[in-house]
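**Student:** Sequence:
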Amino acid sequence: MGKILPEYLSNWTTEKVRREGVNVLPNAVVKSVSVSGNRLLIKLKDGQKVETDHIVAAVGLEPNVELAKSAGLEVDSDFGGFRVNAELQARSNIWVAGDAACFYDIKLGRRRVEHHDHAVVSGRLAGENMTGAAKPYWHQSMFWSDLGPSVGYEAIGLVDSSLPTVGVFAKATDKDTPKSATEQSGTGIRSESETEAEASEVQISQSSSPMPQVPRQGEDYGKGVIFYLRDKVVVGIVLWNIFNRMPIARKIIKDGEEHEDLNEVAKLFNIHED
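Number 270 in my numbering belongs to position 262 of the sequence shown; there are no gaps in the numbering.
Possibly wrong hints are sitting among the right ones.
Said to hold, decoys possible - Pairs of lysine to aspartate or glutamate residues, derived as EDC-like cross-links and limited to a Cα-Cα distance of at most 20 Å, are as follows: (1) Lys115 <-> Asp168; (2) Lys143 <-> Asp125; (3) Lys11 <-> Glu122; (4) Lys179 <-> Asp228; (5) Lys57 <-> Glu70; (6) Lys179 <-> Glu272; (7) Lys183 <-> Asp125; (8) Lys259 <-> Asp269.
These are calculated hints, taken from the structure and not from any lab test.
Just so you know, these numbers come straight off a predicted model, no measurement behind them.
Kindly generate the complete structure, drawing on both the sequences and the hints.
**Tutor:** What follows is the structure, encoded as structure tokens:
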């Protein structure tokens, strides 16, 4: 979470997970793993030992670029993967999609994205461009995670904790959880069947109506919106316990405008509704 969330929210989330009974060992480095009876023994670099029944290794991935090397295709030195243009083309009659493609995002610059939504959309676009469509990749893919039964988030764009952020939060209700959102909609809340048209009529007010009281640092970050900025423009958004609002977030990034008051932009997500 430290690479995605601003520090205050990452720390808050860590403590919340601890209260759920999880033993969190930050900055731990695994030295070795061995079998100990019917269990697994993990030895850490600092000398600690942890016994467990199962291990889930979530260490990211490294794109396989062997084909690029043997075929003389360009590999991106910063992000890894096959270096392609905005149409996902590596060379004449060669296209690359999915996690292994380092593509040029016409809104956010060069990127490589490792998410299911991106794999689906980029694969479809590469197929269309193989038939002569010549369409640039404009879709901002999303990803999501649930951190226990009461916290979930959906994210889009450049979500990087090293960027300046502005967070707008409100008190959550029992309805503001991943489980409740799924029950209310009757479907999975992470469906990417959304379209740009759903948010096409969104207007951002410049009024200065009073904002309801929001949590102060150290309080309960029940629900809210975190905006990630680059050169004063919103380039990434995390929706914290706010669901089914991704078309709005996508449009804000697509518009690429500077906003004087992000509190007003946050109102588009109805975060103060009970």
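**Student:** Tell me the numbers of any earlier hints that the structure contravenes, in ascending order.
**Tutor:** 5, 7
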